[in-house]
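Participant: All chains, please: the whole structure from these sequences, using the hints.
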Amino acid sequence: MWRETLLHEKQTELNNRSTRAHRDSMDPIAKYISQKISKTRWRPISAALLQQPEVFAAGSWDNENNRVSIWSVGDHGASNTDGEFDEEPQLLCDSLHDGDVMDLQFLDQERLVSASSSGAVTIFKLQPDCQALSLAHVWDRAHGYSCDPAPCTAVVCRSPELVSVGEDGRVVLYKADQTEVVRVIEHADSSTIHAVTFLRTTEVLTVNSIGQLKMWDFRQQSDSPAQILSLTGDRVPLHCVDKHPNQQHIVATGGQDGMLCIWDVRQGNTPFSLIEAHSAEMWEVHFHPSNPNHLFTCSEDGSLLHWETTSGSDMSTLLQRGWNSRVVSHSAVPLPGEDDSVVSAWLAGDSSRNRLEATHMLPSQTLSVNSLDVLEQCLVCGTDGEAVYVHRQLPV
Amino acid sequence: MEELDVEPSTTLIPGVGFHQKHLGFEWGPGDLLVYETNYRLQGPRSASSPLLHMVRRDEDICSPILRKLFNESHLIFVGLQKLKEDVPSKNKKSQFVSVSKNYRSVIRACMEELQQNAVSTREGSLASQYGDQVSILLAIELIWNLCEVLFIDAAPAGSLLLLLLDWVRLHKSDVDTRAREVLQSESPALHHSYWDVVISLVLQGRTDEARQVLSKQASLRAESSSVFKRMDGLLQTMPIFNPAGTQTLTEFDVKWRHWHEECDRCLQDNTFASSRQLETICKILVGDEDTLLEQKELLSTWYHFLVTRLLFTHPTIKPPDLHYYAQSSMNMFLGPRASPEPLDIILLSAFEFDLHQVIKDCSIALNNWWFVAHLTDLLDHCKLLQSHNLHFGSNLREFLVLEYASGLFTHHSLWQLAVDYFDHCPEFGRVYLELQIERVPLDTERKAIKVLRICEDRQMSEQVRSICKIMAKRALRNNRLGSALSWSIRAKDAAFATLISERFLQDYSNKGSFTDLDLLDNLGPAMLLSDRLTFLGKYREFHRLYGEKRFSEAARLLLSLMTAKIAPRSLWMTLLTDALPLLEQKEVIFSVDQTYELMSCLEELNLDSKDSNQTDQDEDIESTKTELLRLALARNLAMAIVKEGTIET
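Note that the protein sequences, when read in sequence, are chains A and B.
Using our numbering, the letters of the first sequence map in sequence onto residues 27 to 422.
Using our numbering, the letters of the second sequence map in sequence onto residues 429 to 1077.
It is possible that part of the hints are untrue.
So these bits of chain B aren't anywhere near chain A, every CB distance computed over 12 Å [to be verified]:
1. C538
2. N670
3. H839
4. L909
5. V1020
Here are the computed lysine-lysine pairs in the BS3-like style, where the Cα-Cα straight-line distance is at most 30 Å [unchecked claim]:
6. K57/A x K510/B
7. K1014/B x K57/A
8. K724/B x K644/B
9. K510/B x K875/B
10. K201/A x K269/A
11. K977/B x K1014/B
12. K939/B x K875/B
13. K875/B x K57/A
14. K644/B x K711/B
15. K1014/B x K1053/B
16. K449/B x K520/B
17. K1053/B x K269/A
18. K57/A x K724/B
19. K977/B x K901/B
20. K711/B x K746/B
21. K1053/B x K1071/B
22. K151/A x K711/B
23. K57/A x K201/A
Chain B side only, calculated, beta carbon under 10 Å to chain A, not exhaustive [stated by the list, open to error]:
24. F498
25. T741
26. I745
27. K746
28. P748
29. W843
30. A903
31. N907
32. L951
For the record, the hints were derived by calculation from the structure and aren't laboratory data.
Just so you know, these numbers come straight off a predicted model, no measurement behind them.
Idealized CB from N, CA, C, for every residue including glycine.
Facilitator: Below is the structure:
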């Protein structure tokens, strides 16, 4: 065969990549990691230090052996010949994961919680230097039917508590340092619960596959929701939910039809606004944690959108999507518990003074963007095309 | 039967065929299942081994590094298909060339990584596996690059040779390493491979670099500096065609001939007699074939020899003349007895502009479809593949793309990529997708949703129904009626919705209360999917109204369920029994007319049940119920008449 004839060429440096298109500095860095990515999450940074996140976790799905892996995007000291820093994510450590990784959440800087399609909820311990990931605790079959296990679809953490939800319609509450489950709401939902978020310390909000939002209060002993919100008559499955970081009553959801909904859970049974964001399932929605006028969504249609509300007088660029909101002032990011009369940029008011702009964050789109996470100026997302994209200069 | 192109190779399957048993097999989409049968070549039949063996042709698909190649090239492939529409045909060629370069850069990136892994891994077998993959990718890239020059770029005379030179330089890049080594040594001129480097540079037509290295020697030997100066002059004045310039090909040719004669003159004059090496270089410059062949070591391949030979004898070679020089160069370089290897034959076919032969030979020689599928697709976009008749399938491009995509679909994870490839096979792509997509294992609802999205976007309603049904059945098995109903509503599967509605009603009659209220209360228009589901929704609504003490509305709804024939006859008795507490309320809820209607419903039911043969006990209960109802109805009728009469007066 020709293998021998080419043998000498193996020794040569394969350094000629001149044909490779040059990367625009505004484009995110892509890294192919040979597994379809279901979740990406930044490791939290300590609040005291003004730093950018450098470590993220990624979970895979639909592989023969699924993994949870930890990656670093910091400057590795090495710069390539062009003098620019080689910022490609580097694998730090990984661990096998039984079943698809359905959700990933950092409990704190050193503990990572995963939800599995096998119905298990697992806590991984990450060494402070991020060089090893080990199993700390598993709740096997946290979700299941009478005989078969049921996939756990999502987890949410509010240290030390965590809550998981699943296809079996159960809501389960745990404490990170207790091995036994704290509370189970058996028939919380007749259909699949797709996502969950904490509203307050004792309140969680779940979204399900028939378009409902349900509020649960763990102080109440009854197994029925404190409140049900839904889009009247639509029954479009909701896939993701996130709450405004400072104003707990504002919630964003995304559904099967790619519609982005903003809700005020205090008032009304219907969403405050509806925006046609994507052309297929919206898999995740996230408010920017420190600048909540920015919102990020990703979808099965392969796009990742950055939404920004600003007050402006330029009417021509207004998105004509029935958007109505008003920014009170740029500095007015009210603290929790502050006067409720302060109106959020995402709610209420006079449509003429505001605009909402959406920007595509990925250069090309084909396969689904399954997950995104945003922290400070950094964004990370993962796709079914087995690529992780990292953007480290978000305009927020 | 068609003639075989090559003798099929034998694959030994470990653990099979020890006892001279016949083998049985079954084709799969990417794999082959092999098993021992009970039959033997000779002797009596005996029990066979219970093992099944899976034989896979394409092992590359499982390599984690090559997965990057598949994913990145998928993006380029999809981009190429979209290119078709929005670019005026004039700019297309440059677009196609850049697409081709993108593909090649992905191959190079993959090679780099494989190479690094091969070096860093300690496991011998793994390292050699990586090494094998690198050499295959190198060959692929070599062929692709040549096809890009000859077919996609389709360079005319003049620039053709420049591109071929680039091709050779790229794939014989060890010259750079050695040049660096020599130049960085303490005294370059005395380095043992000094002259090798100079000659290698000349052979690749890199005259400027050759001059640079030569100058090291010249400065050492002051006595012969004039000779070096002469050589420097020859190298400096060697004309190079500039495709972007204003110079015509004829002008260049005249200039080149002039230079060639000058070189020749130097040789005649024995100008370089003092230095053997310089004389060799001069002989190379005049294109002396024997001298060139003496440099076999440095050229290392016949195609390098070909390009160097053309550079110094026919720099304005026209594409149609290439094949003659290619054939003769190969024969001269390999010698009369050597038999060319598959790669040589493929390259030769390319030089002969025989595209189909290139693709065919690559398909046979390579163990994956990735290369031929993508190259053929690109060449097809360049309109280079005239309808080549296959005895099967639609055309060559579609056949190869389908093969590649089918291979991807057998992979547990890469199947998603295959969908876009099927989409761009106009004739059979959809059928393939339809057959394959139903067989994707659905472990979670999220995966099911992704598969459904693929089907719904392509209006594959049959597959949508089947996937939803699988999910609904699974939910039903786990006693998740709500989920099951949601799935059958999504599939618009009326029959299954009826079945689930029955289960709900059965549960209700067993437990006396409804489960999954959050779903039933929010059915909305979906309720209209099946009659039974409508009844279920409406019946639940009756219970809600009753619970909210909205009695007259509840009564009206209950009656309409029977009179509009929404309720199945078998449930009428239950409905009438539900009416009892309403009839027993202190205030009158059913009007006179409504009471008459209830009565007629009851009598109608009794007429029916008289025909059916029930056991005595059942009949007893039934008749007691009927008596009770009759009494309540009569009392209500009396009260209603009185009440309505009172209002009128």
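Participant: With reference to the structure, classify each hint as holding or not holding.
Facilitator: Here's how the hints hold up against the structure:
no., hint, in the structure
1, C538, "violated, 10 Å"
2, N670, "holds, 20 Å"
3, H839, "violated, 9 Å"
4, L909, "violated, 7 Å"
5, V1020, "holds, 36 Å"
6, K57/A x K510/B, "holds, 24 Å"
7, K1014/B x K57/A, "violated, 75 Å"
8, K724/B x K644/B, "holds, 25 Å"
9, K510/B x K875/B, "holds, 27 Å"
10, K201/A x K269/A, "holds, 22 Å"
11, K977/B x K1014/B, "holds, 13 Å"
12, K939/B x K875/B, "violated, 35 Å"
13, K875/B x K57/A, "holds, 23 Å"
14, K644/B x K711/B, "holds, 21 Å"
15, K1014/B x K1053/B, "holds, 21 Å"
16, K449/B x K520/B, "violated, 58 Å"
17, K1053/B x K269/A, "violated, 55 Å"
18, K57/A x K724/B, "violated, 42 Å"
19, K977/B x K901/B, "violated, 37 Å"
20, K711/B x K746/B, "holds, 24 Å"
21, K1053/B x K1071/B, "holds, 26 Å"
22, K151/A x K711/B, "violated, 71 Å"
23, K57/A x K201/A, "violated, 35 Å"
24, F498, "holds, 9 Å"
25, T741, "violated, 25 Å"
26, I745, "violated, 25 Å"
27, K746, "violated, 27 Å"
28, P748, "violated, 27 Å"
29, W843, "holds, 9 Å"
30, A903, "holds, 9 Å"
31, N907, "holds, 7 Å"
32, L951, "holds, 8 Å"
Checked against the numbered hints given earlier, the structure breaks hints 1, 3, 4, 7, 12, 16, 17, 18, 19, 22, 23, 25, 26, 27, 28 and satisfies all the rest.
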